[in-house]
Amino acid sequence: MRKTRFVATSASSQEGENSPEQTEPVGGLRKRTLVAGVSMGVGALLCFVLSAGFSGGQNAVSDTAAPEISSLQEQIRITEAKTAALPKADDAERGLNAALTAAGQVAKLQNDYRYLTPSVAADGGTLDTATSQPTLRNLIPYFAPSVHQADLGPWYLLSSDKDVASGVGIPMSFNSGFEWVAQVPYLVNDDSTITVTWLAMETRTGAGEKPAVLAWARADYDLVRKAFVNIQTGTTATGEALKQEVKAP
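If you want the working numbering, it's the position in the sequence shown, counting the first as 1, plus 2.
Keep in mind that the hints were calculated from the coordinates and are not lab data. Don't take every hint at face value.
[To be verified] Straight-line Cα separation of at most 35 Å, DSBU-like style, residue types lysine-lysine; simulated pairs:
no., residue 1, residue 2
1, K212, K249
2, K228, K110
3, K164, K245
4, K249, K110
5, K249, K164
6, K164, K212
7, K110, K164
8, K228, K249
9, K245, K228
10, K245, K110
11, K245, K212
12, K212, K110
Using the sequences plus the hints, can you model the full thing?
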C-alpha cells in the first residue's frame with residue numbers, strides 16, 4: 003500500500019490540494035463515446051492520406067504515404083478493440099452500483115474502527131489485535147487476496163476521540179469527530195475496474211464552516227472478481243496534525 007500525504011497552506015486550499023482529484027460526474031459511457039470518436043477521426047484521416055497517396059489514376063500508394071497509412075490502420079485496430087472491450091450501458095450501470103454498494107459497506111466498517119481510539123491511545127498507539135479482529139474479518143471479503151490484511155486496519159483515527167470513555171462506555175450513538183464517506187463513482191475503466199474514493203470528513207464544524215477532509219483512501223473495484231484491489235491511503239495536512247498514531251501490533 004502506498005501512503006501519500008497532501009500538504010496545503012490554508013483551509014481554503016484543502017478542497018483543491020488536500021483531497022484526491024474527483025472524477026467528473028459524467029455518464030458511464032463517456033469513454034466508449036470518446037474511443038469511438040477517436041476511431042472515426044482516425045478513419046477520416048486515413049481516407050485523406052489514401053486519397054493523397056494516389057496520383058495520376060495510379061492504383062499504388064506512394065512510398066511516402068504507405069508508412070502513415072499502416073500506422074493509422076493500427077490505430078484504428080487498437081481503438082476498435084478498446085471500444086469492443088468496454089461494457090454495455092446496462093452492464094456499466096450495474097457495475098457502478100455494485101462498486102458503490104461495496105464501497106458503502108467498507109466505509110461503515112472503517113467507521114467502526116473509531117470505537118477503538120480510546121484503547122489505542124491508552125496502549126501508547128498500539129492497536130489491540132483481539133479487539134480489531136471482528137471488523138477486519140468483515141472487511142476481508144470486500145478485497146482481493148492480493149490486498150494485505152495490514153492495509154485493512156484503520157485508515158485514520160482522530161486523536162480527540164481518545165478522550166471518550168473506553169470499552170462499554172462508548173455508546174452506539176458515538177459521534178466521532180470525523181466520518182468515512184464513499185464517493186459516487188461514474189466511470190468504468192478500460193480494464194473493467196471502477197476507481198472508488200473514500201474521504202474522511204470532519205463532522206464537528208462551526209456555523210458556516212465547511213467540513214475539512216482529514217484523510218482519503220482509493221481502490222479499484224474489479225468487476226470480474228467483485229472485489230477491491232490496489233489500495234492507496236493518505237492524510238491531508240489538517241488530518242496529519244489531528245490524527246491518532248496507530249502502531250503495528
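Looking back at the numbered hints, which does the structure fail to meet, lowest number first?
Per hint list: zero violations.
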